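Asker: Starting from the known structure of chain R, fit chains W, Z and B onto it as the hints suggest.
Protein chains in written order, with full-length UniProt numbering: chain R, 1 to 266; chain W, 1 to 266; chain Z, 1 to 266; chain B, 1 to 266.
It is worth saying that the hints were derived from the structure and are not from the lab. The structure presented is a predicted model; accordingly, all values stated were derived computationally and were not measured. Note that beta-carbon positions come from the ideal geometry of N, C-alpha and C, so glycine has one too. Among the clues, some could well be false.
Residues from chain B that face chain R, not an exhaustive set, calculated with beta carbons under 7 Å [stated by the list, open to error]: (1) Asp157; (2) Leu227; (3) Leu264; (4) Ile265.
Computed cross-link-like contacts, EDC-like style, restricted to lysine to aspartate or glutamate with a CA-CA straight-line distance of at most 16 Å [claimed, not checked]: (5) B/Lys159 to R/Asp201; (6) W/Lys159 to Z/Glu188; (7) R/Lys159 to B/Glu188; (8) R/Lys238 to W/Glu224; (9) Z/Lys238 to B/Glu224; (10) R/Lys169 to R/Asp201; (11) R/Lys159 to B/Asp187; (12) B/Lys159 to R/Glu188; (13) W/Lys159 to Z/Asp187; (14) W/Lys255 to W/Asp78; (15) Z/Lys84 to W/Glu224; (16) W/Lys159 to Z/Glu224; (17) Z/Lys159 to W/Glu118; (18) B/Lys159 to R/Asp187; (19) W/Lys238 to R/Glu224.
Here are the computed distance ranges between Cβ atoms for each label pair [to be verified]: (20) R/Tyr36 to Z/Gly253: 50 to 60 Å; (21) B/Glu116 to Z/Ser24: 47 to 57 Å; (22) R/His92 to W/Pro179: 32 to 42 Å; (23) W/Gly202 to R/Gly260: 27 to 37 Å; (24) B/Met1 to Z/Ala180: 25 to 35 Å; (25) W/Gln176 to R/Ser112: 34 to 44 Å; (26) R/Gly12 to Z/Ser24: 24 to 34 Å; (27) R/Glu172 to W/Pro179: 25 to 35 Å; (28) W/Asp236 to Z/Glu110: 50 to 60 Å; (29) B/Arg105 to Z/His119: 51 to 61 Å; (30) B/Met1 to Z/His119: 27 to 37 Å; (31) W/Asp266 to R/Ile182: 51 to 61 Å; (32) W/Gly202 to R/Gly12: 55 to 65 Å; (33) W/Glu20 to Z/Gln189: 26 to 36 Å.
Number of protein chains: 4
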Amino acid sequence: MTIKVAIAGARGRMGTTAIEAIESSPDVEAIAALDYKYNGLHLHNGNINDEGNGIPIYTSMAQMMENHAIDVLLDVTDPDAVFKNVEEALAHGVHPVVGTSGLSRRQVDEISVLVETEHIGCIIAPNFSIGAVLMMKFAAQASRYLGDVEIIEMHHDRKLDAPSGTAVKTAEMIRQYRPAHIQGHPDEQVHIEGARGADVDGMKIHSVRLPGLLAHQQVLLGGEGELLTLRHDSFDRKSFMPGILLSIRNVVGRKDLVYGLEHLID
Amino acid sequence: MTIKVAIAGARGRMGTTAIEAIESSPDVEAIAALDYKYNGLHLHNGNINDEGNGIPIYTSMAQMMENHAIDVLLDVTDPDAVFKNVEEALAHGVHPVVGTSGLSRRQVDEISVLVETEHIGCIIAPNFSIGAVLMMKFAAQASRYLGDVEIIEMHHDRKLDAPSGTAVKTAEMIRQYRPAHIQGHPDEQVHIEGARGADVDGMKIHSVRLPGLLAHQQVLLGGEGELLTLRHDSFDRKSFMPGILLSIRNVVGRKDLVYGLEHLID
Amino acid sequence: MTIKVAIAGARGRMGTTAIEAIESSPDVEAIAALDYKYNGLHLHNGNINDEGNGIPIYTSMAQMMENHAIDVLLDVTDPDAVFKNVEEALAHGVHPVVGTSGLSRRQVDEISVLVETEHIGCIIAPNFSIGAVLMMKFAAQASRYLGDVEIIEMHHDRKLDAPSGTAVKTAEMIRQYRPAHIQGHPDEQVHIEGARGADVDGMKIHSVRLPGLLAHQQVLLGGEGELLTLRHDSFDRKSFMPGILLSIRNVVGRKDLVYGLEHLID
Amino acid sequence: MTIKVAIAGARGRMGTTAIEAIESSPDVEAIAALDYKYNGLHLHNGNINDEGNGIPIYTSMAQMMENHAIDVLLDVTDPDAVFKNVEEALAHGVHPVVGTSGLSRRQVDEISVLVETEHIGCIIAPNFSIGAVLMMKFAAQASRYLGDVEIIEMHHDRKLDAPSGTAVKTAEMIRQYRPAHIQGHPDEQVHIEGARGADVDGMKIHSVRLPGLLAHQQVLLGGEGELLTLRHDSFDRKSFMPGILLSIRNVVGRKDLVYGLEHLID
Numbered sequence: 001m002t003i004k005v006a007i008a009g010a011r012g013r014m015g016t017t018a019i020e021a022i023e024s025s026p027d028v029e030a031i032a033a034l035d036y037k038y039n040g041l042h043l044h045n046g047n048i049n050d051e052g053n054g055i056p057i058y059t060s061m062a063q064m065m066e067n068h069a070i071d072v073l074l075d076v077t078d079p080d081a082v083f084k085n086v087e088e089a090l091a092h093g094v095h096p097v098v099g100t101s102g103l104s105r106r107q108v109d110e111i112s113v114l115v116e117t118e119h120i121g122c123i124i125a126p127n128f129s130i131g132a133v134l135m136m137k138f139a140a141q142a143s144r145y146l147g148d149v150e151i152i153e154m155h156h157d158r159k160l161d162a163p164s165g166t167a168v169k170t171a172e173m174i175r176q177y178r179p180a181h182i183q184g185h186p187d188e189q190v191h192i193e194g195a196r197g198a199d200v201d202g203m204k205i206h207s208v209r210l211p212g213l214l215a216h217q218q219v220l221l222g223g224e225g226e227l228l229t230l231r232h233d234s235f236d237r238k239s240f241m242p243g244i245l246l247s248i249r250n251v252v253g254r255k256d257l258v259y260g261l262e263h264l265i266d
Numbered sequence: 001m002t003i004k005v006a007i008a009g010a011r012g013r014m015g016t017t018a019i020e021a022i023e024s025s026p027d028v029e030a031i032a033a034l035d036y037k038y039n040g041l042h043l044h045n046g047n048i049n050d051e052g053n054g055i056p057i058y059t060s061m062a063q064m065m066e067n068h069a070i071d072v073l074l075d076v077t078d079p080d081a082v083f084k085n086v087e088e089a090l091a092h093g094v095h096p097v098v099g100t101s102g103l104s105r106r107q108v109d110e111i112s113v114l115v116e117t118e119h120i121g122c123i124i125a126p127n128f129s130i131g132a133v134l135m136m137k138f139a140a141q142a143s144r145y146l147g148d149v150e151i152i153e154m155h156h157d158r159k160l161d162a163p164s165g166t167a168v169k170t171a172e173m174i175r176q177y178r179p180a181h182i183q184g185h186p187d188e189q190v191h192i193e194g195a196r197g198a199d200v201d202g203m204k205i206h207s208v209r210l211p212g213l214l215a216h217q218q219v220l221l222g223g224e225g226e227l228l229t230l231r232h233d234s235f236d237r238k239s240f241m242p243g244i245l246l247s248i249r250n251v252v253g254r255k256d257l258v259y260g261l262e263h264l265i266d
Numbered sequence: 001m002t003i004k005v006a007i008a009g010a011r012g013r014m015g016t017t018a019i020e021a022i023e024s025s026p027d028v029e030a031i032a033a034l035d036y037k038y039n040g041l042h043l044h045n046g047n048i049n050d051e052g053n054g055i056p057i058y059t060s061m062a063q064m065m066e067n068h069a070i071d072v073l074l075d076v077t078d079p080d081a082v083f084k085n086v087e088e089a090l091a092h093g094v095h096p097v098v099g100t101s102g103l104s105r106r107q108v109d110e111i112s113v114l115v116e117t118e119h120i121g122c123i124i125a126p127n128f129s130i131g132a133v134l135m136m137k138f139a140a141q142a143s144r145y146l147g148d149v150e151i152i153e154m155h156h157d158r159k160l161d162a163p164s165g166t167a168v169k170t171a172e173m174i175r176q177y178r179p180a181h182i183q184g185h186p187d188e189q190v191h192i193e194g195a196r197g198a199d200v201d202g203m204k205i206h207s208v209r210l211p212g213l214l215a216h217q218q219v220l221l222g223g224e225g226e227l228l229t230l231r232h233d234s235f236d237r238k239s240f241m242p243g244i245l246l247s248i249r250n251v252v253g254r255k256d257l258v259y260g261l262e263h264l265i266d
Numbered sequence: 001m002t003i004k005v006a007i008a009g010a011r012g013r014m015g016t017t018a019i020e021a022i023e024s025s026p027d028v029e030a031i032a033a034l035d036y037k038y039n040g041l042h043l044h045n046g047n048i049n050d051e052g053n054g055i056p057i058y059t060s061m062a063q064m065m066e067n068h069a070i071d072v073l074l075d076v077t078d079p080d081a082v083f084k085n086v087e088e089a090l091a092h093g094v095h096p097v098v099g100t101s102g103l104s105r106r107q108v109d110e111i112s113v114l115v116e117t118e119h120i121g122c123i124i125a126p127n128f129s130i131g132a133v134l135m136m137k138f139a140a141q142a143s144r145y146l147g148d149v150e151i152i153e154m155h156h157d158r159k160l161d162a163p164s165g166t167a168v169k170t171a172e173m174i175r176q177y178r179p180a181h182i183q184g185h186p187d188e189q190v191h192i193e194g195a196r197g198a199d200v201d202g203m204k205i206h207s208v209r210l211p212g213l214l215a216h217q218q219v220l221l222g223g224e225g226e227l228l229t230l231r232h233d234s235f236d237r238k239s240f241m242p243g244i245l246l247s248i249r250n251v252v253g254r255k256d257l258v259y260g261l262e263h264l265i266d
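The shape of chain R in the complex, shown without the other chains (with noise of 0.2 Å):
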């Protein structure tokens, strides 16, 4: 028996690589395709037609939900449209699967309340990378022993926001783990403004912006006499398929919701 998905944002590059990413795994199927348009249309390799070739689409969930019986929807859509989209599901006794880090805090509470109620488990994953997630929690669980901590987070000049979410995401992490305390000479003097990078809890983010970069992240972690660094490099969207197929495999025997994939891997 396979597991029946359904795609949210099935178009995009992310859920295009996704539905290949599916079709690959013999116990997953790619079934339907919820969008806000191309109703009664079919998408076959990124491509809409006309022609009943490849997965229908449709703009209703709940005919959707007629047509099919579906175990999990699979949203890699953008904030606006995800927290409904897992409100209907969650109704339809169908799991969702989330790939955004554009939730706020009040929405996931609400869907944290809903999946209690319908008792249907629910995977929210800011990020679906796997080795980006062992980076983070191989960070918190050094920073121990190592408790002397800076990140240098890399991307491609395209990218408006510094520091990274991951960067934060990590600090935070570590934040729950690392005895506190601060960093760094304590009559440290900064001649050119910034040069020590942005401070979370006393650990140092710097952020690298250049032409040719694409997604790189490194923590170091500091003790007398040694270094330990944990270095992720994302170099293609093909890197998030293990991280949602294992949501995929792993959301249809839950019950409650799970935030952040490091929850699923040990």
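Answerer: Same frame as chain R, now just chains W, Z and B:
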């Protein structure tokens, strides 16, 4: 109540650094040194004196035990001396903490039997660097998700052996987690012998030897579209001190044999 | 006056990217494509059409030359086709710019004779990446001062050959500057074959192959108490475009053969 | 004929290492030490003695010059002492080699005038590490082709200043080659102050401070689809010795002032 420690190998560089570390820890105390010479003299800041200044030196463990109530024997001698020291310590009810990678499997097995008979805890740590041990543990854990692994270890060119013991130990720890498989292109063509490194169970180890280098290792774990790199740089033998102190504090509460610092940290 | 360029290999991925780069440069113009088929059709955004939309395709260089005044032939085909193309171009007074590492030494020698006879400049660049060429040049220069060198090249595991052509080329460039000597411990003991990598004139090359990786190389130069590392990461074939454009602009003023982009940059 | 060297600052760690390096070079000889105390005593292996064992110590340059024919004064004292030493050396016809970054622009200008008047060569090197100087030179050269640059310098957390003098010097050398322009996204949004580092002429400098680190710097140069990284690790003050010896050998043939080791290497 402080933990009373005797040190074997106290005059060496590691012993000298260990005594400094012990003396700056309020809960641990260095009270005697076991040596093959200088019986009756004293050791102070790495120097021998006959003025009663510093730690008393003994060439006989029996005599040392008679004069002092010792909790832990820290042994940083060489493989030749260490086995007998451990045997005697256990017989006297003293907890051994051993930092050498040179014990044979048979010797470790014999110690294991003694530990069980005497009900006295013992810790043997081939590598006292917590940072290095974290790197190895994390590499093993990550290899379940990112199963293609190569190790690059880099040392000064006065190092005789290749690959390093730590690199081989790392591969052996990974082997217990990583799904077994052949790495690389199945039709790989190696035009200059050795280019692809040493093979350990399908994983590759590359040994770099250059003047200037100290002791460095990185483990590279690749997945579709991503790379996770775990790197440890050892700059100074001070990096071993937290592992030594952790072991001293831990061993006094044990009645079993622990082989490897990785079992003390999580 | 723009430089008029014909492209051989225009339908390939490198050709398509090159045409984009040429079209976004005001001083260079793509006016024809040389192919082994599709004579008379046109090429537009990588697609073939018969509506006269895009660059006209020719299967005969003679006919192409009859219809267009061409300054430069950019050849991004394979070693089999390139030699004849270069010969014909030189005979027609057209400056070849060739991007292939597959020409034999004898073929290069023959081209050299033709270039001298015809007094038409020609550039052959096994690697069009300016960044990679800078890394090689710098490594060669630095090796006069830091003469112990190891090269780590890292590629995706679909790469068949090891070591990479760039790594071998780097070692050959270094060899011309580096004082000849044996590296490493004279009594080195290699316990697992291959650990110390491939040997080129005393230097060591290590080839890493992992899924996820793209194309990366680092050259490590060690001296007493210090290490200099030169690293190049190639993330996208767009990185070749500045080298291609530099070559096109440079070749029209030459009457000699240039082998290697390193002779165009200083 | 060996080059006769007097050392100012001979008792310090740099001076002690320099004397070792000089003594192991057959063409250079350490024959006297200039100090502010211990006149008439001798210096041997970093220790003072009154048994005439080692290098004679003088507190007066005039007296030292009377007793010895000196070619070069190697000054590894501090900025306070160095200026007067250089003045006196030039007046005595002795070539100064100065290793301090603390001389003011005005002091350097005054030395320049003296050098011209006396026709005695002088070398001032803020950084004697050939590896570091190569990194800076290469970064400057490469920035003509890869003009987007960020610098990450990493030091132990006992370092007071940020950014490091070497990082600022690197940016200043790059500035002379790099086409001036603003880097990064024009609408960059920095959510935590300092994330994007210190700005020097559009380039960014990031200063990492962690226990365990020694002295490290990397220069990252980005272009479309590629990254060039130049990294220097300084592990030990022995790394300064080749630069000191090069300067001593070079200065005796000069009649001008050289500021910066980069002018001695190519």
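Asker: Need the status of pair R/Lys238, W/Glu224: alpha-carbon distance at most 16 Å?
Answerer: holds, 6 Å
Asker: Tell me if the straight-line CA distance from W/Lys159 to Z/Glu188 falls inside 16 Å.
Answerer: holds, 8 Å
Asker: Can you confirm whether the C-alpha distance between Z/Lys238 and B/Glu224 stays at or below 16 Å?
Answerer: Holds - the C-alpha atoms of B/Glu224 and Z/Lys238 are around 6 Å apart, at most 16 Å.
Asker: Could you tell me whether the CB distance from B/Met1 to Z/Ala180 stays inside 25 to 35 Å?
Answerer: holds, 29 Å
Asker: Tell me if the straight-line CA distance from W/Lys255 to W/Asp78 falls inside 16 Å.
Answerer: Judged against 16 Å, a Cα distance of about 24 Å means the pair is violated.
Asker: Starting from the range 27 to 37 Å, see whether the pair W/Gly202 and R/Gly260 falls in it by beta-carbon distance.
Answerer: The hint (27 to 37 Å, Cβ to Cβ) holds, given that W/Gly202 and R/Gly260 are roughly 32 Å apart.
Asker: Cβ-Cβ distance between R/Gly12 and Z/Ser24: within 24 to 34 Å?
Answerer: holds, 27 Å
Asker: Return holds or violated for the Cβ distance of W/Gln176 and R/Ser112 against the range 34 to 44 Å.
Answerer: Once the Cβ atoms are compared, 37 Å apart, the range 34 to 44 Å for R/Ser112 and W/Gln176 holds.
Asker: Per the hint of 27 to 37 Å, is the separation of the Cβ atoms of B/Met1 and Z/His119 within bounds?
Answerer: violated, 54 Å
Asker: Starting from the hint 47 to 57 Å, judge whether the C-beta atoms of B/Glu116 and Z/Ser24 obey it.
Answerer: holds, 52 Å
Asker: Holds or violated: are the alpha carbons of B/Lys159 and R/Asp187 at most 16 Å from each other?
Answerer: holds, 10 Å
Asker: Holds or violated: 26 to 36 Å for the Cβ distance of W/Glu20 and Z/Gln189?
Answerer: Once the Cβ atoms are compared, 33 Å apart, the range 26 to 36 Å for Z/Gln189 and W/Glu20 holds.
The structure fails to meet hints 3, 4, 5, 14, 15, 17, 30, 31, 32 from the earlier list, while all remaining hints are met.
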